[in-house]
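J.: Order-wise, the sequence lines are chains A and B. If you read the first sequence in our numbering, its first letter stands for residue 897, the second for the next number, and so on. If you read the second sequence in our numbering, its first letter stands for residue 897, the second for the next number, and so on.
No lab work stands behind these hints: they were computed from the structure. Heads up, the beta-carbon is just placed ideally off N, CA and C, and yes, glycines get one too. There may be inaccurate statements among the hints.
Capping the alpha-carbon separation at 30 Å, the derived lysine-lysine pairs in DSBU-like fashion look like this [stated by the list, open to error]:
#1 B:LYS1021 <-> A:LYS926
#2 B:LYS975 <-> A:LYS926
#3 A:LYS926 <-> B:LYS926
#4 A:LYS1021 <-> A:LYS997
#5 B:LYS926 <-> B:LYS1021
#6 A:LYS975 <-> B:LYS926
#7 B:LYS968 <-> B:LYS1030
#8 A:LYS926 <-> A:LYS1030
#9 B:LYS1021 <-> B:LYS997
#10 A:LYS997 <-> A:LYS926
#11 A:LYS1021 <-> A:LYS926
#12 A:LYS968 <-> A:LYS1021
#13 A:LYS968 <-> B:LYS975
#14 B:LYS968 <-> B:LYS1021
#15 B:LYS1021 <-> A:LYS975
#16 A:LYS997 <-> B:LYS926
Which chain B residues stay away from chain A? Per the calculated CB distances, all over 12 Å, these [said to hold, decoys possible]:
#17 HIS904
#18 LEU907
#19 ILE912
#20 GLY915
#21 ARG921
#22 ASP941
#23 ASP974
#24 PRO986
#25 ILE992
#26 GLY1008
#27 VAL1010
#28 PRO1017
#29 GLU1018
#30 ILE1024
#31 ARG1029
Protein chains: 2
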Amino acid sequence: MSSAWSLHPQLAQDTIDIGDLPLSRVLVIKDANYPWLLLVPRRADAMDITDLDEVEQAQLMTETTRVARALKDICNPDKLNIAALGNMVPQLHMHIIARRKTDAAWPRPVWGVVPALAHDPEEVKNFIAALRRKIWLDK
Amino acid sequence: MSSAWSLHPQLAQDTIDIGDLPLSRVLVIKDANYPWLLLVPRRADAMDITDLDEVEQAQLMTETTRVARALKDICNPDKLNIAALGNMVPQLHMHIIARRKTDAAWPRPVWGVVPALAHDPEEVKNFIAALRRKIWLDK
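Chain A on its own, in the form it takes in the complex (with noise of 0.2 Å):
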């Protein structure tokens, strides 16, 4: 079923590789202006939700929420940003970000609006295991 897929190599580039949920890939990307992770349902050319089946689409769902509240339990935002666009790169890829009002692009969406911030080593060192626990262990 999921024999076909591999990450696209722009994702693949732009992010940090933090483990497999049952559908989807989870993601960081690497820009430090904003807490923000991909989910990426491994499914061969799927490009929107709705090339997703039901039940696909179901288990996209719980797993946006379980990492969208790992995230708000970690990082206390003002707002959750939930999106799948996929304008640039088709393969299907949502978006899970932790917004707040200080950050650099509020209120505006955040594609591209101020270019990719390198992360501090340690600091994302740290939210990636935080996010861990709480994504997988954490149930």
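Since chain A is already given, all that's left is putting chain B on it; use the hints.
T.: The following block gives chain B in isolation, referenced to the frame of chain A:
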């Protein structure tokens, strides 16, 4: 449960009400630049998807994909954009937008790129009639 819910005044001003699904109100954004719908779950105080319970989250995904399929069938877009942002209007609302590679904002997200364009009254009437048939009767 939803007794205290009412549509946010800004959303009411910017949209045409086309009817209710079991969870959400379906609205057309008054902007002829893009075929652009909103789903607003009729749940008081819901701001993020994580504020819905699991049954409501699943229902929102069902309604989102149903409306997205209808929009896809009618408009035959190059891409769907689906997003819950809410940085400006806090009431939880899901954008479902049919994007074309020739549209005013492509490949950027639509928010804030060009001013809203008034609909041709006849065209929007036909669009809404087609949507109603697809969403409510063509199950």
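J.: Determine for every hint whether it applies to the structure shown.
T.: We went through each hint and held it up to the structure:
Simply put, B:LYS1021 and A:LYS926 have alpha-carbon atoms about 45 Å apart, too far for the 30 Å limit, and the pair is violated. Annotation: proposed proximity of B:LYS975 to A:LYS926 holds, straight-line Cα distance about 25 Å (limit 30 Å). A distance of roughly 36 Å separates the Cα atoms of A:LYS926 and B:LYS926; the hinted pair therefore is violated under the 30 Å criterion. A C-alpha spacing of about 24 Å is found between A:LYS1021 and A:LYS997, which places the hinted pair at or below 30 Å, so the restraint holds.
For the hint linking B:LYS926 to B:LYS1021, the alpha-carbon distance of about 12 Å falls within 30 Å, and the restraint holds. With a C-alpha separation of about 25 Å, the suggested pair A:LYS975 and B:LYS926 falls inside the 30 Å cut-off, and the hint holds. The suggested pairing of B:LYS968 with B:LYS1030 holds, with an alpha-carbon distance near 10 Å, which does not exceed 30 Å. The straight-line distance between the Cα atoms of A:LYS926 and A:LYS1030 is roughly 20 Å, inside the 30 Å bound, and the hint therefore holds.
For the given pair, B:LYS1021 sits about 24 Å from B:LYS997 by alpha-carbon distance, which is consistent with the 30 Å threshold. About 20 Å separates the Cα atoms of A:LYS997 and A:LYS926, which keeps this hinted pair within 30 Å; it holds. At most 30 Å may separate the alpha-carbon atoms for a hinted pair to count; A:LYS1021 and A:LYS926 meet this at roughly 12 Å. Distance restraint check for A:LYS968 and A:LYS1021: the Cα-Cα separation of roughly 18 Å lies within the 30 Å cut-off, and the hinted pair is therefore satisfied.
Distance check on the hinted pair: A:LYS968 and B:LYS975 sit about 29 Å apart at the alpha-carbon level, within 30 Å; holds. With a C-alpha separation of about 18 Å, the suggested pair B:LYS968 and B:LYS1021 falls inside the 30 Å cut-off, and the hint holds. Restraint check for B:LYS1021 and A:LYS975: the C-alpha separation of about 35 Å exceeds 30 Å, so the hint is violated. A C-alpha spacing of about 27 Å is found between A:LYS997 and B:LYS926, which places the hinted pair at or below 30 Å, so the restraint holds.
Every Cβ of chain A is farther than 12 Å from the Cβ of B:HIS904; the closest lies at roughly 15 Å, confirming the non-interface assignment. Separation of B:LEU907 from chain A is adequate, the least Cβ-Cβ distance of about 16 Å exceeding the 12 Å criterion. Look at B:ILE912: its CB is around 23 Å from the nearest CB on chain A, clear of 12 Å, so calling it non-interface holds up. Chain A leaves B:GLY915 outside its interface by the beta-carbon criterion, the shortest separation being 21 Å against a cut-off of 12 Å.
The Cβ of B:ARG921 sits about 19 Å from the closest Cβ of chain A, beyond the 12 Å cut-off, so the non-interface label holds. Listed as outside the interface, B:ASP941 is consistent with that label: its C-beta sits roughly 14 Å from the nearest C-beta of chain A, beyond the 12 Å cut-off. For B:ASP974, the shortest C-beta to C-beta distance to chain A comes to about 9 Å, within the 12 Å cut-off, and the non-interface label is violated. For B:PRO986, the non-interface assignment is contradicted: its Cβ lies about 8 Å from the closest Cβ of chain A, within the 12 Å cut-off.
The Cβ of B:ILE992 sits about 10 Å from the closest Cβ of chain A, inside the 12 Å cut-off, so the non-interface label is violated. The Cβ of B:GLY1008 does not lie farther than 12 Å from every Cβ of chain A; its closest approach is about 6 Å, which violates its non-interface assignment. Against the 12 Å criterion, B:VAL1010 stays outside the reach of chain A, whose nearest CB is about 14 Å from its own CB. The beta carbon of B:PRO1017 sits about 29 Å from the closest Cβ of chain A, which is more than 12 Å, so the claim that it is off the interface holds.
A cut-off of 12 Å between C-beta atoms confirms that B:GLU1018 is not in contact with chain A; the least separation is 28 Å. Residue-level check passed: B:ILE1024 sits 21 Å from the nearest beta carbon of chain A, beyond 12 Å. For B:ARG1029, the requirement that its beta carbon stay farther than 12 Å from each beta carbon of chain A is met, with the minimum near 18 Å.
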